[in-house]
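Chains as they are written, first to last, in the working numbering: chain A, 7 to 94; chain B, 4 to 261.
A hint or two may mislead.
[Claimed, not checked] Ranges between beta-carbon positions, derived for each pair:
no., chain 1, residue 1, chain 2, residue 2, range
1, A, Val-20, B, Gln-77, 34 to 40 Å
2, A, Ala-78, B, Leu-174, 19 to 25 Å
3, A, Leu-82, B, Gln-77, 21 to 27 Å
Treat the hints as calculated values from the structure; they're not laboratory data.
Glycine residues also receive a C-beta, built at the ideal position from the N, C-alpha and C atoms.
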Amino acid sequence: MKGKILLLFLCCVVLFFVSLRLGQHQGDLAGADEEAQAIIQEIAPDFSPWFSPLWEPPSGEIETLIFALQAATGGLIIGYILGKRSTH
Amino acid sequence: MAEIMPLFREGHFYSSEEVDLVRVPLVVLCSVVGLLCFTPPVYAMHISEGFLPPLWCGVYFALSVPLVLLGFLQVRRLQDSHARMFLALAGAYIFLLSALKLPSVTGSCSHPTGTGLSGILFGPVVTAFLSSLVLLFQALFLAHGGITTLGANILSMGIAGPFTGFLVFQLLRRYRLTPAVFFAAFTADLATYVVTSFQLALAFPGRSFLFSFARFMSLFAVTQVPLAVMEGLLTVALFEYLKTRMGAELTRLGVRIA
Numbered sequence: 007m008k009g010k011i012l013l014l015f016l017c018c019v020v021l022f023f024v025s026l027r028l029g030q031h032q033g034d035l036a037g038a039d040e041e042a043q044a045i046i047q048e049i050a051p052d053f054s055p056w057f058s059p060l061w062e063p064p065s066g067e068i069e070t071l072i073f074a075l076q077a078a079t080g081g082l083i084i085g086y087i088l089g090k091r092s093t094h
Numbered sequence: 004m005a006e007i008m009p010l011f012r013e014g015h016f017y018s019s020e021e022v023d024l025v026r027v028p029l030v031v032l033c034s035v036v037g038l039l040c041f042t043p044p045v046y047a048m049h050i051s052e053g054f055l056p057p058l059w060c061g062v063y064f065a066l067s068v069p070l071v072l073l074g075f076l077q078v079r080r081l082q083d084s085h086a087r088m089f090l091a092l093a094g095a096y097i098f099l100l101s102a103l104k105l106p107s108v109t110g111s112c113s114h115p116t117g118t119g120l121s122g123i124l125f126g127p128v129v130t131a132f133l134s135s136l137v138l139l140f141q142a143l144f145l146a147h148g149g150i151t152t153l154g155a156n157i158l159s160m161g162i163a164g165p166f167t168g169f170l171v172f173q174l175l176r177r178y179r180l181t182p183a184v185f186f187a188a189f190t191a192d193l194a195t196y197v198v199t200s201f202q203l204a205l206a207f208p209g210r211s212f213l214f215s216f217a218r219f220m221s222l223f224a225v226t227q228v229p230l231a232v233m234e235g236l237l238t239v240a241l242f243e244y245l246k247t248r249m250g251a252e253l254t255r256l257g258v259r260i261a
């Protein structure tokens, strides 16, 4: 089982780096929903967003912090459950 | 040669499950990488706040809210402590994966959904409830997605995705477990963004619905393909662990693993 899981993780890492390398040449890797918004503006020039977010992270750093907290919380719970089971 | 060949067949060096484990992801990986080398740069993610006309927001809320409530009732009915443990695990998996913005070969970043695992374990209704929590969190604290577009995003990520994954798992499960898990996670991830494209094309048909749909598809779905493969691989790894260490509990949950 350990070998299989390691192999799968390895595949993921390889795919990540292939994706990263190829992606770098295609665009700036700015992961945003902005391009979709641009297409909407292009298809329907008269449309303007009718609601804006109630609160936005004041800076990219704060946004990264919250995303990191979200991932950490998820990872913590998964790790806790798997770890608890394997010590039984 | 004739003496060596049988060694590589099932049962000698590799069991049938192990052969799948190596072959299926590799074939998919190679074909995807090959395909996507030649696509233009695009961006992807959920529908942003305010970017769906009010009428459509209402329609999608009307469609998804009943399912989320139904999911909530189902979750409350889960009394078994192992079932609750799996619920926490599935929810945490969605929470974790949707925070990871990964680079795609198309030159932009997007994040996987993680709803495939939950779809396999609990089906689409419970997953709708779990996803709505994650989407609400991201809409409130990250300005990612939105409150007005919450209904639409729940429909794509919380309902359409896991429903597809659930169906694929049930169909493929009859043949082999590992590919079933992989393709359930893969299709759940991909279906989410196909539905997102569909929703946007319906709201903004422009010259023609199909033209619009193709534009949004090339934006959302294509970027998502390599991420969906990664999610598939990761889900197979986690499921492998669950199968080995918590096989009895999985069976009791109603997931056929043997």
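Structure-based check of all given hints:
{"no.": "1", "hint": "A:Val-20 with B:Gln-77: 34 to 40 Å", "in the structure": "holds, 38 Å"}
{"no.": "2", "hint": "A:Ala-78 with B:Leu-174: 19 to 25 Å", "in the structure": "violated, 36 Å"}
{"no.": "3", "hint": "A:Leu-82 with B:Gln-77: 21 to 27 Å", "in the structure": "holds, 25 Å"}
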